[in-house]
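Asks: Sequences listed follow chains A, B and C, in order. Taking the numbering used here, the leading residue of the first sequence gets 1, the next gets one more, and so forth. Taking the numbering used here, the leading residue of the second sequence gets 158, the next gets one more, and so forth. Taking the numbering used here, the leading residue of the third sequence gets 549, the next gets one more, and so forth.
If you are wondering where the hints come from, they were derived from the structure by calculation, not from laboratory data. Just so you know, even glycine gets a beta-carbon here, dropped at the ideal spot from N, CA and C. Wrong hints could be hidden among the right ones.
[To be verified] Derived pair list, reagent style DSS-like, types lysine-lysine, alpha-carbon separation capped at 27 angstroms: (1) K38/A <-> K187/B; (2) K142/A <-> K38/A; (3) K291/B <-> K142/A.
[As the list claims (entries may be wrong)] Every beta carbon over 10 angstroms from chain B, so not counted as near; a handful from chain C, in silico: (4) S579; (5) E627; (6) I628; (7) S670; (8) D675; (9) P676; (10) P755; (11) D856; (12) A926.
[Said to hold, decoys possible] Ranges between beta-carbon positions, derived for each pair: (13) A586/C <-> E161/B: 51 to 59 angstroms; (14) P92/A <-> A203/B: 56 to 64 angstroms; (15) Q545/B <-> L807/C: 31 to 39 angstroms.
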Amino acid sequence: MNMPAEDLLRLPGSWNFDYTYFAGETASRFFAELRDNKRILGRRCPSCQRLVIPARSYCDACYVEMGDWEPVGETGTIEAFTILTRAFPGLPEPPLVIAFVTLDGADSAVLNFVEGVDLDDQDAAGAYLFDNDRVRVVFSEKREGRITDFHFESILG
Amino acid sequence: MSREPIGIVGVGQTPYRRSNPGLSAGELVKIAVDEALADAGLGIDAIGAVIGGVAPDALAGIKDIDRMSISVPGRPYFRVNTGGATGSSIVQAALAWIGAGRADTVLVVALERMGQASTAQSIFNTIFDPIYEKDFVLTTITMAALRASMLVKRHGFTEQHWAGIASRNFTNAVDNPLAIGARALTPEQVLASPMLAWPIHRYEACPTTEGACALVLSRAGVIGCAHSTAWIHGMGGSSDTYSMGERMNRPEGSLIEMVPLRRAAEAAYRQAGITDPGRQVRVFELQAPFSIIEAMAYPALGLCEVERSRPFVDEVLAGATGIEFNPSGGAQAVNPVSATALIRIAEAAQQARGLAGARQRDGVRRAVATGQGGATQFSTVCVLSADQPGD
Amino acid sequence: MTQYHAVAVEGVALELTSADRRRALPELIFSCVSAALADAGVTLADVDAVTIACEDLIDGRSLSSMITGPAAGAYLRDEIRLSEDGLAALSLAAAQLQSGTFERVLVAAWGRPAEADPEVASAAGFDPFTTQPFGLTELTVSALRASAYLRRYGATPGPGAGDHDDDGRDRAGLALDGRDRAVRARRERADRNPRANRVPVRSVPAPYPMRHEEMRTETDAVASVVLCRLPQSEAEARGLVRITGVGHATESYHLGDRLMSGFPSARAAAEHALAEAGRTLDGVEVAEVAGRTIWDEIQLLESVGLADPGGGFTALADDPRLNPSGGAAAGDCAPATGLVRFAETALQLTGRAGGVQLAVRAGRAGTPRVALVVSGAALAGQTHTAVVAER
């Protein structure tokens with residue numbers, strides 16, 4: 001059969017499913033601490049002793065419930081980063097830097113934006129971030145109890 | 158591993174291209190299945206079970222697209238979904254099915270219909286944690302870019318390394334008639350392509366691709382001597398925790414050491430009796446949709462020490478290792494998500510069987526295929542050989 | 549199953565909740581899997597592999613097992629996820645054990661309708677060209693089946709009216725009479741089931757001709773089972789439930805080909821499982837069948853042969869062996885369904901079912917010893933898995 005290409009039917013469709021994700025008590029408390037107390041709290045595993053942020057209710061590695069809540073430092077080190085250059089629905093205008101940062105005292109890294117870096121020349125920005133990998137936490141004036149209540153800023157070397 | 162050897166006796170693949178508007182899902186599958194059955198010299202009646210692989214439904218835009226295209230009425234059937242590792246997970250499931258004595262011969266089929274999606278990366282964003290991480294535009298591209306930054310920092314990789322790996326993969330793909338539209342690219346052309354997420358250029362990532370791949374697996378007792386078979390000597394799998402932040406620096410290894418891949422490789426090598434993969438394996442088909450992932454895979458696969466990652470890539474790019482990587486062009490040239498891990502096994506099998514046509518490499522006895530799903534979270538390693546285990 | 553080794557059930561757990569705001573989905577899974585491990589008297593370190601059943605569209609995560617897999621214990625261990633009903637995952641886990649690949653496998657399945665409406669997700673599984681325009685969902689397919697059943701056996705004159713059973717009773721009369729009694733019996737059992745959750749997450753209007761009380765109680769559901777491979781003698785000495793037979797079967801995708809004929813794949817799967825176990829239907833002392841509504845439950849019973857044609861409602865009402873847990877009325881969500889039914893069955897066989905425990909077998913006091921579990925999956929029961937378990 002040799003139907004002309006324009007006759008080959010392509011039916012448009014789109015998916016738009018609605019979800020309500022349950023954050024659970026642990027994540028809810030983590031977010032409440034950001035919003036109300038401008039604190040980043042993690043939970044420590046009673047078995048391996050890791051202090052994990054964002055807070056989790058159980059430790060994947062040991063498969064036990066996490067224990068005490070503890071604050072982590074407000075400075076940290078960039079473990080990994082990238083520079084986003086393409087617009088994405090719901091996001092601020094690019095270019096943007098996202099990074100995983102291990103805050104002092106924590107045993108896991110947390111993802112957030114890094115602001116205040118000149119991104120006109122991305123290779124220069126990348127080199128800068130490799131050489132200056134220390135950042136500080138900055139809380140937003142208006143906080144909503146979401147992960148975006150804080151971001152990182154580079155600590156100039 | 159089951160006690161009786163199991164081999165791949167039939168391989169079928171559709172050509173892989175961005176979209177196939179002239180074919181339904183079922184028609185795509187039938188092309189691959191018919192070819193695999195013909196290769197095996199079997200009819201569908203000889204098949205004891207069918208195992209289907211379809212990764213995230215969102216890519217095709219139809220829930221359980223396998224139901225209308227892969228499942229065979231009257232046969233036991235089930236669908237596996239482990240993201241990018243799907244194609245290898247169905248082989249693992251088939252090995253269990255045959256090893257348990259439930260069937261002598263199993264057909265595994267993987268189908269990708271992502272040509273129906275308008276923006277794959279928007280879909281890939283929805284694989285990430287909705288509570289803590291979705292706000293930051295994690296996609297498969299950005300998560301690879303994050304790893305790239307660690308590789309640069311810890312091992313001194315440069316953009317030339319990524320571009321060199323990509324160039325080699327695309328150039329290999331030119332000899333693969335199934336990689337429709339493949340063209341050779343120089344490292345300079347790769348670096349000149351637009352930046353997706355720093356430092357990853359478009360030609361260091363993979364294209365949107367559709368297609369289907371099917372394999373027939375049988376136990377040794379039913380395989381005729383005359384039949385060209387790729388024997389499975391080892392199959393390992395390991396899945397990791399999700400959070401990248403928790404995988405940064407663990408006692409088991411950092412994020413860029415690909416701990417689950419290492420563990421899967423160790424299990425597969427142990428079963429296969431491989432102690433020196435760099436010397437004992439001739440071909441590696443790696444599931445590395447980004448060239449930076451390929452760079453991380455070498456030490457995880459035991460080809461070099463972690464500290465020597467960068468010098469090893471220099472050797473690879475100079476063609477000085479005696480190992481052939483991705484003769485098919487790999488996942489970088491062609492990456493239909495649901496099928497890609499199966500295609501790696503299929504391509505490795507064809508190399509071991511001497512049936513890889515223009516992309517056949519010389520002197521292949523053993524070939525290894527890797528599979529990967531999630532953000533380097535699920536890993537599989539399959540060791541294939543032209544020789545029966547125990548020979 | 550081999551004569552020497554058995555696939556034994558070391559522990560089970562199930563949890564039916566409604567929109568527990570204290571727990572995220574991974575935390576629900578962690579809780580249930582931890583309970584199964586505790587029931588088995590083992591820790592995760594003793595588990596070789598995890599086999600999962602979950603669906604991306606129900607979980608609202610496009611590769612759900614990335615985030616939910618580790619919650620089920622998939623931390624640096626082999627893990628495979630089926631996009632299927634939980635009973636199929638149990639079946640694959642049994643094959644993994646029988647093939648000698650692993651010694652102990654943990655199985656988990658879940659569905660959390662509190663986060664999204666599964667009916668809406670199910671619509672995306674129907675053919676976009678011929679079926680989606682009519683707003684079909686899994687529930688409306690159940691209604692279509694119910695109308696086909698009523699047309700055959702109902703009081704409204706149809707081809708079935710005038711059909712008489714061996715006792716000379718009009719089948720049509722039986723069907724209607726049984727309907728109300730079966731609904732009451734099912735509800736009464738669910739009320740007595742200590743594991744039941746009678747608070748639905750949402751109330752769904754019942755599509756004609758079904759009634760509200762004939763729906764399932766839609767709840768958040770997680771189930772988990774620990775399986776291990778043991779010498780027959782040890783499994784028996786420890787009084788463990790053993791899986792002795794498994795069956796799978798598949799029907800055509802197209803609804804028009806199968807809506808009017810019950811569930812032939814359920815029958816074929818059950819026959820295979822019983823044959824493997826060396827058992828007959830008469831020897832089944834407890835059966836749990838998973839149906840989306842009571843209409844599906846009774847048609848499953850008829851298809852499998854646990855009820856006469858047209859006698860499904862009466863059988864469910866009067867035969868205490870059938871769905872003693874209360875079935876879907878006790879709380880349910882796909883794809884946990886089949887694993888929940890299996891967990892209930894395992895509790896029956898070990899005398900731990902509490903308020904719904906069967907205490908009579910073969911006319912004398914005693915717990916049931918032979919069980920049959922049947923459960924289906926997309927699309928609207930296109931595939932079925934059956935498992936025979938004994939103690």
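Asks: Would you mind marking each hint as holding or not holding in the structure?
Replies: Results of checking the hints against the structure:
1. K38/A <-> K187/B: With Cα atoms ~59 angstroms apart, K38/A and K187/B exceed 27 angstroms; violated.
2. K142/A <-> K38/A: holds, 11 angstroms
3. K291/B <-> K142/A: Distance of about 20 angstroms is within 27 angstroms: holds.
4. S579: holds, 17 angstroms
5. E627: violated, 4 angstroms
6. I628: violated, 5 angstroms
7. S670: violated, 7 angstroms
8. D675: violated, 6 angstroms
9. P676: violated, 7 angstroms
10. P755: holds, 20 angstroms
11. D856: holds, 25 angstroms
12. A926: violated, 5 angstroms
13. A586/C <-> E161/B: 51 to 59 angstroms: With Cβ atoms ~37 angstroms apart, the hint is violated.
14. P92/A <-> A203/B: 56 to 64 angstroms: For P92/A and A203/B the Cβ distance comes to about 58 angstroms; the hint holds.
15. Q545/B <-> L807/C: 31 to 39 angstroms: violated, 48 angstroms
Hints 1, 5, 6, 7, 8, 9, 12, 13 and 15 from the earlier list are contradicted by this structure; the remaining hints agree with it.
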